[in-house]
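Visitor: Just so you know, we're using full-length UniProt numbering here: the sequence shown kicks off at 1 and counts up by one.
Please note that the accuracy of each hint is not assured.
For lysine-lysine, the following BS3-like pairs were computed, each having C-alpha atoms within a straight-line distance of at most 30 Å [to be verified]: (1) Lys18 with Lys122; (2) Lys95 with Lys57; (3) Lys18 with Lys57; (4) Lys95 with Lys18.
Don't read these hints as lab results, they were simulated from the structure.
Predicted model only: the values in this text are computed from it and were never measured.
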Amino acid sequence: MPAEVTHLRSDAQDNRDKILEVAREVFATEGLDVSMREVARRAQVGPATLYRRFPTKEALVTQAFEEQMGACRDVVEEAVADPDPWRGFCTVIEKVFELHARDRGFTAAFMSAYPKALDFSKNRGEVLALIAGLAARARESGDLRPDFVVEDLVMVIMANGGIRAGSPAASVAASRRFAALAVEAFRAGGRAPLPPAVRLPLMPV
């Protein structure tokens with residue numbers, strides 16, 4: 001293969017990797033509202049280069065969060081394998097909440113409808129189906145409240161994504177407390193101490 005072709009392909013891969021790295025960072029800290037042109041600017045590539053690699057924002061978001069989706073699925077599969085369904089259910093809440101707390105963009109992507117992003121949508125559907133099966137087992141064991149539905153978990157994941165704190169560490173700490181609150185709300189009976197409270201900035205009125 002001619003050296004100039006190899007160099008061209010290497011540059012193209014470098015640009016793709018740079019775009020994805022910047023997109024993950026920007027979406028994680030600022031959410032999905034950041035424009036494609038802004039991603040291109042921060043990645044120091046031209047808009048044409050960005051659109052050549054990722055024709056739509058949907059495609060960019062899907063690729064950017066492929067790793068996070070895999071991590072989310074791993075958490076759920078590990079929890080499903082736990083012989084104690086309630087412990088597994090609690091693991092899902094605690095670990096998934098923390099994963100989302102570390103990455104605002106992933107929360108938005110996970111909750112978004114991307115009909116053309118078949119792999120992403122398929123993975124999300126499979127993850128929710130696994131959680132539904134785990135919840136059914138936890139209800140049968142008498143630990144999970146009988147009126148729980150998967151939409152309840154989706155709702156609290158959305159709420160968890162709205163946590164705003166002074167630093168990433170504070171966001172994670174607040175998310176852990178919220179996870180403990182959610183567990184208590186879903187528990188069929190009993191009480192457990194919550195993690196320490198975290199001061200959150202007041203929302204503007």
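Visitor: Out of the numbered hints, which ones does the structure contradict?
Guide: Those not satisfied: there are none.
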